[in-house]
Amino acid sequence: MEVYFLRCVFFGVLAAGTLGDGGQVTFVSELSSKPAQKLSRYGWFGNVRLQRFQIPEDTAVARWLFSVTRGHGFHCGKHNVTIHIRWGAPPVINPVGLVFPNATLWSPALSVTLPVTSRSSTTFNLSDPAPGNWYLAAHLPRHDGRIEQKGFPSCSYFFQPQLSIRRAVDTPILQQATTQVQTVAPDKPARLKLFVPEFASSLSVSVADCSWGEGPERGNCSLVLRLGSFSAPEAPVTVNCSAVGCSATLSAPPWDTWMRVVVESDHDNRTVTFHITSNYTVGCKPKSVGLSGDDYVIKLHSNNSESNLTSANNSSVQAVALSNSSSPLSPGCVWSVPVVSEELDVLSLRFSPVNGPNVSVTHTKPTLLSYPLHMQTSGGTLNLQLTLNTTNITMGNSSNVVGCFSPWAPVLSLNSSQPCRTALFLGYGVHVNASVPKAVVRLPFPQSTTWYLTLQLTCNSSDCSDTLVVSVVPEVFISACVEDCGTYGECRLLRSYSYLYAACVCKAGWSGWGCTDSSTAQSYSRQLTAALLLTLSNLLFLPPIIVALKRYYITEASVYLFTMFFSTFYHACDQPGVAVLCIMDYDTLQYCDFLGSVSSIWVTILCMARVRDSIKYTLFILGVLLIAMSMQLDRRGLWNMLGPVIFAVLTMVTAWVYRGVRRRHCYPPSWQRWVLYLIPGLGCALIGVCVYIFAETEDNYYYTHSLWHMLVASSVVFLLPPREKKDKEAWGWTRGWSWSWQPRVCGYTLCHSTKEELYTVT
288 MEVYFLRCVF FGVLAAGTLG DGGQVTFVSE LSSKPAQKLS RYGWFGNVRL QRFQIPEDTA
348 VARWLFSVTR GHGFHCGKHN VTIHIRWGAP PVINPVGLVF PNATLWSPAL SVTLPVTSRS
408 STTFNLSDPA PGNWYLAAHL PRHDGRIEQK GFPSCSYFFQ PQLSIRRAVD TPILQQATTQ
468 VQTVAPDKPA RLKLFVPEFA SSLSVSVADC SWGEGPERGN CSLVLRLGSF SAPEAPVTVN
528 CSAVGCSATL SAPPWDTWMR VVVESDHDNR TVTFHITSNY TVGCKPKSVG LSGDDYVIKL
588 HSNNSESNLT SANNSSVQAV ALSNSSSPLS PGCVWSVPVV SEELDVLSLR FSPVNGPNVS
648 VTHTKPTLLS YPLHMQTSGG TLNLQLTLNT TNITMGNSSN VVGCFSPWAP VLSLNSSQPC
708 RTALFLGYGV HVNASVPKAV VRLPFPQSTT WYLTLQLTCN SSDCSDTLVV SVVPEVFISA
768 CVEDCGTYGE CRLLRSYSYL YAACVCKAGW SGWGCTDSST AQSYSRQLTA ALLLTLSNLL
828 FLPPIIVALK RYYITEASVY LFTMFFSTFY HACDQPGVAV LCIMDYDTLQ YCDFLGSVSS
888 IWVTILCMAR VRDSIKYTLF ILGVLLIAMS MQLDRRGLWN MLGPVIFAVL TMVTAWVYRG
948 VRRRHCYPPS WQRWVLYLIP GLGCALIGVC VYIFAETEDN YYYTHSLWHM LVASSVVFLL
1008 PPREKKDKEA WGWTRGWSWS WQPRVCGYTL CHSTKEELYT VT
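Here this note's numbering is used: the first residue of the sequence shown is 288, the next is one more, and so on.
Mixed in with the good hints, there may be bad ones.
[Said to hold, decoys possible] The calculated lysine-lysine pairs, modelled on DSBU-like cross-linking and capped at a C-alpha distance of 35 Å, are:
| # | residue 1 | residue 2 |
| --- | --- | --- |
| 1 | K572 | K480 |
| 2 | K837 | K321 |
| 3 | K794 | K725 |
| 4 | K837 | K903 |
| 5 | K837 | K794 |
| 6 | K480 | K321 |
| 7 | K365 | K325 |
| 8 | K321 | K475 |
| 9 | K794 | K365 |
| 10 | K572 | K652 |
| 11 | K725 | K837 |
| 12 | K903 | K325 |
| 13 | K572 | K475 |
| 14 | K480 | K725 |
[Stated by the list, open to error] Here are the computed distance ranges between Cβ atoms for each label pair:
| # | residue 1 | residue 2 | range |
| --- | --- | --- | --- |
| 15 | T816 | D632 | 53 to 59 Å |
| 16 | A495 | G570 | 21 to 27 Å |
| 17 | S529 | S700 | 26 to 32 Å |
| 18 | S394 | F482 | 24 to 30 Å |
| 19 | S901 | D632 | 19 to 25 Å |
Think of the hints as simulated: they come from the structure by calculation, not from any bench.
All C-beta atoms, glycine included, are put in the ideal place defined by N, C-alpha and C.
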């Protein structure tokens, strides 16, 4: 949740523009902050720290303060922190220049680079920012591949953004076809706003009768007229007024929104008075459906009850429905097709035309469909699939169905040469024909607004007629990731406070936004080699199991067998490629592998302590239970292994010191035991720990982790103590059974009594 640690409103006049009635524009200041977050090196979008800020209407200036603090750690050099800024949706970034999936379109966001030593900060200013949600994404440079063990000291960087804004609370409204007199000074621009209604096809703002001093001057006006707000990467439309006046005309302005109008002066120490007028044009509106709108409800019900109709029947029904319910009021109008939305899951939304999947398109008038996207869907991927229905339609070789997919406002005039762009925002063009019947557009992190799809048939006059109707199937839906991240990726839901978004985490060397970049991909032979190394290396636990059984350490052998089994199948299931084998749930395999690994170390060290059996087995059970609880709390925590090892070593050292003091001789007493067993075993264990902690990287993980398996198993063979003489009798091997498996008969009357008679009565 956003922390507003200061929300002070200063009702002083920070900047003013004279209104028609002599009033002034009042500005207030607000300050908001986010908690500091630890930065990560960039490997995928999940390593990015995403923050969301809300900028209110009529904000004149937004200033971010980015602070990065370096924590205490080893090898903390000088790194650059990259901050990406975008309005309306999270920024789509590509810091390492990877390949995007096919038909995936994106625009780069604003970027700020901050060099960090111990503590650094920088500011970023935006004039006239667009109102709504602004997203920040911060990360360190690319990940070097080294695997850091949780709990060990490492270099850390903490990022904290703060936002201060200055907004107008009484911005004058520029009414339709109404002239207002405004005054502008070099340090006091004139700020106004106007409302653009839905279905507006054009907007014009005019500045006239520019004058200064005591009387009108017909020289250089030197005013700058700006329409719109800054919404990265789009900028406002700017017109220089070099004469007495000027005007700016916008085709396809954003619908159903407030637009900012700012007039600035380039004169030094001179106040300029001017007249300003706005006017918008509504080209056409769809036919009214009345107050109830029951006809669309009836169509929805009929579509559900007649879902078994063929596509050809749906096409004819669609054409009739359009001609009956969406007749234009003028020749310049469009066919307006109603659309229904259906939420399927988290970040999963599907849009469908009310009258069926097929939509009719002609060359006389464009067909318009609208898709409203809310903030909750901006963290996914917007997909458009346009398919030409060629069942009963004959098109000429030069005929195309041209489409424009644009936010905020549609493009109502389509042809092959006109770019797919509205007045302030860039659209995405598509086209289908007989040779290319399908077109796909994927937009990661779409802006949360209403998107419009305009379709029209373009062809030569000889190929087209007024009665020619082409049927297309527009499929628009929101998915969490691009094509579910493909074969070598996994789509994961991420959360920044209450905001949900999705990203792909890749495996087997694949990379990119949709895990389609194969520049560093692993071959199948390498994947198979890695799987065999990580699984077969666990077979080296067979010698410790045999040694433990031979020395009558049955409990220890059971723990080693448990560890070998689950480590083998966990690594078989944990493979990043296609060489994967999972015999049960992945989380269960991982938990049992971690539990078995720590328990093996625990029982081995306690076995070396040579304490009494009652104490040893009590510590075995109690320790394993505590280890299981610790694993459940934090599976990768440092103290899961360090705590049991320290306690077991202290127990072993205490027992050895006690025996040494009691016997007045070093324990173990034999130098052969130290040289041939203990020192090699400790050496293997220490080398394995160093490899596990300091040498593992993502590239050499298969080799280093396999070496860790082999070294740990080898150390157990050396470290297990020799068999005690009492163990053989304790397990009943000599009294009841011999090694030849021949039982000795012991009856009630033939057994020799070992009871000694202390007194004899005669």
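Verification of the supplied hints:
no. : hint                       : in the structure
1   : K572 with K480             : holds (24 Å)
2   : K837 with K321             : violated (62 Å)
3   : K794 with K725             : holds (30 Å)
4   : K837 with K903             : holds (19 Å)
5   : K837 with K794             : violated (43 Å)
6   : K480 with K321             : holds (30 Å)
7   : K365 with K325             : holds (16 Å)
8   : K321 with K475             : holds (32 Å)
9   : K794 with K365             : holds (29 Å)
10  : K572 with K652             : holds (13 Å)
11  : K725 with K837             : violated (70 Å)
12  : K903 with K325             : violated (43 Å)
13  : K572 with K475             : violated (40 Å)
14  : K480 with K725             : violated (42 Å)
15  : T816 with D632: 53 to 59 Å : violated (38 Å)
16  : A495 with G570: 21 to 27 Å : holds (25 Å)
17  : S529 with S700: 26 to 32 Å : holds (30 Å)
18  : S394 with F482: 24 to 30 Å : holds (27 Å)
19  : S901 with D632: 19 to 25 Å : violated (56 Å)
Of the hints listed earlier, those the structure fails to meet are numbers 2, 5, 11, 12, 13, 14, 15, 19, in rising order.
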